[in-house]
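Asker: In case you want the letters, here they are:
There are 2 protein chains.
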Amino acid sequence: MKFRRSERLIDMTHYLLERPRELVSLTFFSERYGSAKSSISEDLAIIKETFEKQGIGTLQTIPGASGGVKYISKASIKDAKDFIGELCELIASADRLLPGGYLYLTDLLGTPHIMNKVGKLLATAFADSQIDVIMTVATKGIPIAHAISEHLNVPFVIVRGDSKVTEGSTVSINYVSGSTKRIQTMVLSKRSLNEGAKVLIVDDFMKAGGTITGMMNLLDEFNATLAGIAVLVESEDAQERLVDDYVSLVKLMDVNMKNKSIKVVEGNYFYRD
Amino acid sequence: MKFRRSERLIDMTHYLLERPRELVSLTFFSERYGSAKSSISEDLAIIKETFEKQGIGTLQTIPGASGGVKYISKASIKDAKDFIGELCELIASADRLLPGGYLYLTDLLGTPHIMNKVGKLLATAFADSQIDVIMTVATKGIPIAHAISEHLNVPFVIVRGDSKVTEGSTVSINYVSGSTKRIQTMVLSKRSLNEGAKVLIVDDFMKAGGTITGMMNLLDEFNATLAGIAVLVESEDAQERLVDDYVSLVKLMDVNMKNKSIKVVEGNYFYRD
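For the protein sequence lines, the chains are A and B, in the order given. Residues in the first sequence are numbered consecutively from 505, following this note's numbering. Residues in the second sequence are numbered consecutively from 505, following this note's numbering.
Quick caveat, the hints were computed from the structure, so don't treat them as lab data. The reader is advised that the hints may include incorrect statements.
For chains that are exact copies, the list does not tell them apart, and a pair is met inside one copy or across any two.
[What the hints assert, rightly or not] For lysine-lysine, the following DSSO-like pairs were computed, each having C-alpha atoms within a straight-line distance of at most 30 angstroms:
1) K755 to K541
2) K541 to K506
3) K755 to K574
4) K506 to K694
5) K694 to K762
6) K764 to K685
7) K578 to K694
8) K694 to K767
9) K767 to K552
10) K574 to K506
11) K668 to K557
12) K578 to K552
13) K767 to K557
14) K694 to K585
15) K506 to K668
16) K767 to K578
17) K552 to K762
18) K541 to K557
19) K702 to K578
20) K557 to K582
21) K668 to K578
Let the sequences and hints guide you as you build the complete structure.
Answerer: Take a look at the structure:
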């Protein structure tokens, strides 16, 4: 079956978007469409140019016999600015206020197009890091870990508060929760993480950083190494933060229960070194 | 900024793929690219034809002044057959066997390209149903609910085993777990589900169907209605199943601990009426 250029461009766009960071050879495309490699190269040049112009990402070309092309999902600075601005507005809404000064964020975590953007931005922040696997803790970190994993095309593992029969043998550690100051347990399936894996730790909310420190301790048990930390929301009013090298999209500055106001600003996404 | 047809096709493909079931007007595209509506119509016809030919999905055209185009994510029967076949092989691997005849499936749930296919297939099964929201239960149902929600472009809500301060006011029910026969609790944030919502219930594994029945009872508390039930794996050896109208991708026929064999076949995906 012969493909016209217009058809190839549409199908290649879909094919690449579904497989971030996967090396696809020119031979594969050439056979898929019954087209000469020179035509495929021209197609890819147009796709790369359009992806970059439209803030979709870029294509990396790996030369040589075992070479090919990789799609890198990358948000532009403008798109990131716009989206984080929207997110700040969404989060600052007074009806999110819960007793105790907590914020209701669950609706955002369950909205796929918001999670897709969150995933794209946080994947962009770690575009140049070597990441083998993403780790998060149940329950609210899962959609964020899932979203980042789609853009980096790496698996994610879920740490749980208790051991389940369907997880097989597990490793568990104790940690001190930053907010409640109580000793809690974290459990991860033994077979879910390989020795030496480079791990991106992800969570929805970070205050003192107790949960994230717990996950870092868990990495030691697996002889895995920390590749980075990403959170959706960091909170300002931590007396002493246990974690200092992380990326956040938004920062909660102040929650005032009395006059029902929430102050939210950009996180450190644009200001890390 | 003027766009050439090749650039338009690439950008429109990305734009539509990111927004399943969202109505996009021809005017929007026409302004985005500085192109005549007649050119946009031609572009969309090429995209529709290619999406259908390549098993990506289809475009629905809504005529009239408030009309436009909608991308429907739809797996072809061939792709569904191939993927379910792969899934059966993956699941039948003896090293998934856990004490008590349970199966380790967590790695599949954390692999984004597998979840993307699972989501696409299950979204295809409910392509003609009106679905407002997807409901699942923590923890293992979440990646599946998330994946389907991306293809149907509707939010998902997470039922939990206990009440958390960050969920605000909640509604809780008791149910009998099919496997342990014990009374358990299910909790859902009050503000997460609107009255009258049409809900697709999703889980990773169904044996007797106790957990799913629990979620159905929870729907009643919210005056929401059931739009469908989707599971990744159903298990054969249920004495009496509490749920009979559902879609499953694979079916676990037999788990033999002695000779370490697992028998997995296609679920009812292709055989429902």
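Asker: Next, verify each hint and record whether it holds.
Answerer: Quick rundown of the hints versus the structure:
no. : hint         : result
1   : K755 to K541 : neither (48 angstroms within a copy, 43 angstroms between copies)
2   : K541 to K506 : both (14 angstroms within a copy, 28 angstroms between copies)
3   : K755 to K574 : neither (33 angstroms within a copy, 36 angstroms between copies)
4   : K506 to K694 : neither (49 angstroms within a copy, 55 angstroms between copies)
5   : K694 to K762 : between (47 angstroms within a copy, 23 angstroms between copies)
6   : K764 to K685 : within (26 angstroms within a copy, 45 angstroms between copies)
7   : K578 to K694 : neither (33 angstroms within a copy, 36 angstroms between copies)
8   : K694 to K767 : between (41 angstroms within a copy, 25 angstroms between copies)
9   : K767 to K552 : neither (39 angstroms within a copy, 45 angstroms between copies)
10  : K574 to K506 : both (24 angstroms within a copy, 27 angstroms between copies)
11  : K668 to K557 : neither (47 angstroms within a copy, 44 angstroms between copies)
12  : K578 to K552 : both (12 angstroms within a copy, 26 angstroms between copies)
13  : K767 to K557 : neither (34 angstroms within a copy, 50 angstroms between copies)
14  : K694 to K585 : neither (39 angstroms within a copy, 32 angstroms between copies)
15  : K506 to K668 : neither (52 angstroms within a copy, 57 angstroms between copies)
16  : K767 to K578 : within (28 angstroms within a copy, 42 angstroms between copies)
17  : K552 to K762 : neither (52 angstroms within a copy, 54 angstroms between copies)
18  : K541 to K557 : both (24 angstroms within a copy, 22 angstroms between copies)
19  : K702 to K578 : within (20 angstroms within a copy, 35 angstroms between copies)
20  : K557 to K582 : within (12 angstroms within a copy, 35 angstroms between copies)
21  : K668 to K578 : neither (37 angstroms within a copy, 35 angstroms between copies)
Checked against the numbered hints listed earlier, the structure breaks hints 1, 3, 4, 7, 9, 11, 13, 14, 15, 17 and 21; every other hint is satisfied.
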